[in-house]
Amino acid sequence: MKILVPVKRVIDYNVKPRVKSDGSGVDLANVKMSMNPFDEIAVEEAIRLKEAGKAEEIVAVSVGPAKAQETLRTALAMGADRAILVQTDDEVEPLAVAKILAKIAEEEAPKLIITGKQAIDDDSNQTGQMTAALLGWGQGTFANTVDVDGDAIEVKREIDGGLQTVKLSLPAVVTTDLRLNEPRYASLPNIMKAKKKPLDEKTPADYGVDTAPRLTTTNVSEPPVRQAGEKVEDVDALVAKLKAAGAI
Amino acid sequence: MKTLVYVEHDNAEMKDATLAVVTAASKLGEVHALVCGSGCAAVADQAAKVDGVSTVHLADDASLANQLAENVAPLVASLMESHDAFLAPATTTGKNIAPRVAALLDVMQISDILSVEDENTFTRPIYAGNAIATVQSSDAKKVITVRGTAFDKAAAEGGSAAVEGVTGAGESGLSTFVSEEIAKSERPELTSAKIIVSGGRALGSSEKFEEVITPLADKLGAGIGASRAAVDAGYVPNDYQVGQTGKIVAPEVYIAIGISGAIQHLAGMKDSKTIVAINKDEDAPIFQIADIGLVADLFDAVPELTGKV
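Chains as they are written, first to last, in full-length UniProt numbering: chain A, 1 to 248; chain B, 1 to 309.
Each computed SDA-like pair below joins lysine to any residue, with the alpha-carbon atoms no more than 25 Å apart:
#  : chain 1 : residue 1 : chain 2 : residue 2
1  : A       : Lys241    : B       : Thr274
2  : A       : Lys231    : B       : Asp300
3  : A       : Lys111    : B       : Ser179
4  : B       : Lys194    : A       : Asp236
5  : A       : Lys20     : B       : Ile132
6  : A       : Lys2      : B       : Leu174
7  : B       : Lys273    : B       : Pro303
8  : A       : Lys16     : B       : Gln288
9  : A       : Lys167    : B       : Leu174
10 : B       : Lys194    : A       : Ala228
11 : A       : Lys231    : B       : Phe299
From chain B, some residues computed to sit far from chain A (all C-beta separations above 12 Å):
#  : residue
12 : Glu30
13 : Lys49
14 : Asp51
15 : Ser54
16 : Asp152
17 : Gly165
18 : Gly168
19 : Gly204
20 : Glu207
Source of the hints: derived by calculation from the structure; they are not laboratory data.
Nothing here was measured: the structure is a model prediction, and the numbers come from that model.
A virtual CB, placed ideally from N, CA and C, is assigned to each residue, including glycine.
Next up, chain A with everything else stripped away, as it sits in the complex (with noise of 0.2 Å):
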């Protein structure tokens, strides 16, 4: 079984997003970029199902700039065997990266696709259910534990009343969610051999999508800032302001 693994360059999570001062968008310029968290656990837990015997290849796939080749590099020193970039420079939307990957998997026939649930950065939460839609797969989303037994696949979902687990026939679609593994780190030696392991280089336009933007974003602000209250001495104090505040 092949595994496509769509992975997006994204800031990374320990930077604190600045919005810039004339509300065109954040400030990306000399900011540390990492791939996606949720995208990492997706690379994972591919190399976990090829370590298993149930995959022979993971092929990461990523949408967006020239720089975009280092997050996919990352995911071959995690263990994925060959890499695509379809290279812009335009902001793509969920729906033409979704689009896109639908092409991809034509070609590439995967009989799954592993892919983050959101990215920590536009936080649609899109591309992978769009995906399935596209290529009328099932989708399996916000996973917790996946099993992939011959031609079937349970995910079992985290959902807002805990857990749900369904059975999709492959191929089919999978987005992580944050307990399915956790990610490993590339050692050295596997950075210096992903150097060397295959990555093509491919534009929106190899695969006849439009990426024309379908929205606009007019303003980015900073959100309203809440302010610190005061602090209490003892448990005796805090109870009477929770009162006072008719809290309890």
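Starting from the structure of chain A, add chain B where the hints point.
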């Protein structure tokens, strides 16, 4: 504009999350509601009573019992021929279904909206709530998920909508429901609780979490939440998690106990009316947004608080 609101329910009861979506939809135009499920006529009756809903579409079929996205999305897409906007709550149900609908309609979804500025313009959080984007959609049809805490709840009584039956596409053959582990609890659900007591990694173990947090929550009739750190450490199940990637809550009172206040946690609770923080570390970021802070060892302070409220 004619809107279609996805009703969140468990085949027996409509969930409160639906009411905020009705409010958001009413800012766009006429509100229709869609109830997808099996043996869920009672839910349609509840939806028909919601103030502002003019028609309820009821799709009652065995294939919709578990609201699998593969079975629900084609039905919604076909109903969108006669509606202009589809709005679902930004719950795990809504987030699972709406993008599938959007792709079938070739529409770019607008996720997790905080406000409706006009019929094409919305605000939504990005970067874990560290920035708010104003976005304008050029799609003729809109597909939207709605952050429940950002809109007032529509009145659950007062409406008298007609209920009309609609038929789905049946089983997609792509997915089947296997099982569900839903926490059964007398406690209020996090997203509708008036008071939430939330615990962090400082609790140290699931036994201590239970021993310290539960009695206070019982005393206050509160829901119980947790930080991602506490969930990852295995103190409590995943459905307790409050934060950008967990549940977004906005109760009257949020009591954060042993929670340092990581950005991603704050994004999930900073719209609470009164925030109380109890933490040993006086420099914990949680104190920067807390209305009432108490620097103390939680193992002393919380049992004392439980005794005094």
